[in-house]
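Student: In case you want the letters, here they are:
Protein chains: 4
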Amino acid sequence: MKTILMTGFDPFGGEAVNPALETVKALDGRVLGDTRICVLEVPTVRGKCVNRVVQAIGELDPFAVICVGQAGGRAEITPERVAINVDDFRIKDNEGNQPVDEPIDPNGPSAYFSTLPIKAMVEAMRSKGIPASVSNTAGTFVCNHLFYGLMRYLDVEGKGRIGGFVHIPYLPEQAVRFPGQPSMSLDCTVEGLFAALQAVLDNRTDLRVSGGREC
Amino acid sequence: MKTILMTGFDPFGGEAVNPALETVKALDGRVLGDTRICVLEVPTVRGKCVNRVVQAIGELDPFAVICVGQAGGRAEITPERVAINVDDFRIKDNEGNQPVDEPIDPNGPSAYFSTLPIKAMVEAMRSKGIPASVSNTAGTFVCNHLFYGLMRYLDVEGKGRIGGFVHIPYLPEQAVRFPGQPSMSLDCTVEGLFAALQAVLDNRTDLRVSGGREC
Amino acid sequence: MKTILMTGFDPFGGEAVNPALETVKALDGRVLGDTRICVLEVPTVRGKCVNRVVQAIGELDPFAVICVGQAGGRAEITPERVAINVDDFRIKDNEGNQPVDEPIDPNGPSAYFSTLPIKAMVEAMRSKGIPASVSNTAGTFVCNHLFYGLMRYLDVEGKGRIGGFVHIPYLPEQAVRFPGQPSMSLDCTVEGLFAALQAVLDNRTDLRVSGGREC
Amino acid sequence: MKTILMTGFDPFGGEAVNPALETVKALDGRVLGDTRICVLEVPTVRGKCVNRVVQAIGELDPFAVICVGQAGGRAEITPERVAINVDDFRIKDNEGNQPVDEPIDPNGPSAYFSTLPIKAMVEAMRSKGIPASVSNTAGTFVCNHLFYGLMRYLDVEGKGRIGGFVHIPYLPEQAVRFPGQPSMSLDCTVEGLFAALQAVLDNRTDLRVSGGREC
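Protein chains in written order, with this note's numbering: chain A, 1115 to 1329; chain B, 1115 to 1329; chain C, 1115 to 1329; chain D, 1115 to 1329.
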């Protein structure tokens, strides 16, 4: 049986929960055909989050790794297109780090593109009635940091594993604190990510459909 | 046993579903203490929607009437504060009517305030983790029309019934068509409205908490 | 020569300027045909702001009164359709008042509609290239309070004067403090309100064009 | 005397004007100390826009190149942090091209970071009262294409020139067509970009202040 590794961050920024962690926990152990989902909680801390994922890859030997993070303010599930080689933290991470314009890996390339079929993932979620879009920025905080660190490891480690990052909205219970902000219920994020995983299994190459934006 | 009447509109504006109708259907027959929820589908047509509700009030003798409508673009469940005496339709209703700046009732007052405890309803929903806020405009389309028509009838008919209107967001399956727009799942709208109904039963007078806005 | 009275509030909510006051000051003394613009600064204080305007009406005998206020978060100049008879202050006014759900005038009607040709004002601004829309809510703070108080006075005083309220966006210098919030430069708000005034003079009855919204 | 080259696109997407072109035209020939601004109009066409800029660099020998583009929906002037090596056009460019997920340069790196002092540019604009923020995505259309193409050329050509891209909002006259969308007047965009240019001249290294986002 094959393994797909999903990760979710612990809560940050004063939140009591992280929708990413809640969502991947709900998917832990689920099976799609010959593939089982394994789930890992990672700390919202630069460096450490990458180390934790790299260690789990060594232990679990997944063929694909999908990291998931919270995107406060977004209304949709957004597979990320690209990770950039910079840390520029507007707020502190969970161990108080707040780097400004530091490279994540001084020896790494400027960016990595997701090797997941992000267009197919978006289509699969929409076909299930779950709002989804491609995102062209994963920000410059720990989410982008982990995304970049993961892709850097997969690039160097060289065994053909694929990987990427998906942002999901606040849970409704979080949005209560931010009147007017969009949210998505756990049932939706779980169903959406499950559909996206199925798309990963079904699409070795991505769909040729536009997911771009003018800005 | 007492009756509370809830109404939901049929789909309009090219939509295949109306979240209001789906939500109230899911609440039909539910019981809160000594009160049973009765549900009515109303057409998204000026005039007719009011007549249908008035007829149902006559048949069911509810002590409270809560009309529910779709608010595309909003991220929260929003009890409405006020209905205004004007029809100004940006789009046609389901029978092709498109009045511009016509009074709903030339003999009626300029506006009616909801007689539901809207602040208590918002608090009850938030305490359940459902995003909610007071809204100060129900628009100028059929939702406001029904809200005004209901309050006009309750004012004239004079038997102490209370009533009001609640707007709810798109369902996720609708928002798929409008990338970036917020939505709320049916489970949330149902749980939210149920909590709001409980607040109606529990609060004869409204809470003294601010639900206002600068604009 | 006829007089049109315009008012603008002093700054509130921690702001150093109020775009409404800056804009009307820039229009003070301007002449349109046989009409001169007179300008009044009013305090952002419930009650007092209305008294100040009523006093100025007595002194200046204007045929029209247009009150202007700041609408943080809006991107357009928005003539208001309706004032509602309630004070529900989310923040304190400039003398510390923070009423919750109190009627502005216990003997007044639930609402007043603007007696300005708001559709013609919007069209006139758009034809000059200034973003503008009808708004269906003036909020529940001092702006709505003054709008209601003005219309109440004009209704009771009974000499055929017309009046209403227009909200305008933050100035760019204010929006610097709120990343992502829209703004409009003083040149635009001045040109827009001047075009709107011309529309008031040119349109005794309003245009029959839709300015409504679904919600 | 030194030269700084600024470029603006011709209108696209059905627009009659492009705020970028109008803004740079207004800056043409302006002098800051020992530096003169030279301006170039570029076509909103993949490939051609880069060729035009490369040709102008050869003719004008600028020490810095700043390309400017329209960002419909944004409320601020946004210096871009990073260009990514992909064309994914949601709409056609001005010659009908609509590539999906094609690399801009198959031999180029995945991304280039701006070599302009983007934090200093933002600070300079804000200090003049002009809303500005760092952006972490230039989209995947012709703006990103030109940004990438410029940085690729500067990287290869190797003479120490610096370069980058700045997005600016709709002009008010454009936003009239999109009710609710933010805009910025030409006076503001001109003053803002002029302040940003001064920051380019004054800051050989960028400020160490956060301009990041969580997502």
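Everything labelled a hint here was simulated from the structure, so no lab data went into it. Among the hints, erroneous ones may be present.
Note that the list lumps identical chains together, so a pair holds whenever it fits in one copy or between two copies.
The calculated DSSO-like cross-link candidates involving lysine-lysine, where the alpha carbons are at most 30 Å apart (straight line), are [to be verified]:
(1) LYS1206 / LYS1242
(2) LYS1116 / LYS1206
(3) LYS1139 / LYS1242
(4) LYS1206 / LYS1273
Keep in mind the model is a prediction, meaning the values are calculated, not measured.
Student: Hints first: check each against the structure and report whether it holds.
Tutor: These are the hints, each one checked on the structure:
Only between protomers do LYS1206 and LYS1242 lie at most 30 Å apart by alpha-carbon distance; the minimum there is 29 Å, versus 36 Å within a single protomer. For a Cα distance limit of 30 Å, the shortest separation of LYS1116 from LYS1206 qualifies neither inside one copy, at 37 Å, nor across copies, at 41 Å. With identical chains, the CA atoms of LYS1139 and LYS1242 are at most 30 Å apart both within one copy (21 Å) and between copies (22 Å). In this assembly of identical chains, the alpha carbons of LYS1206 and LYS1273 never lie at most 30 Å apart, being 34 Å within a copy and 38 Å across copies at closest.
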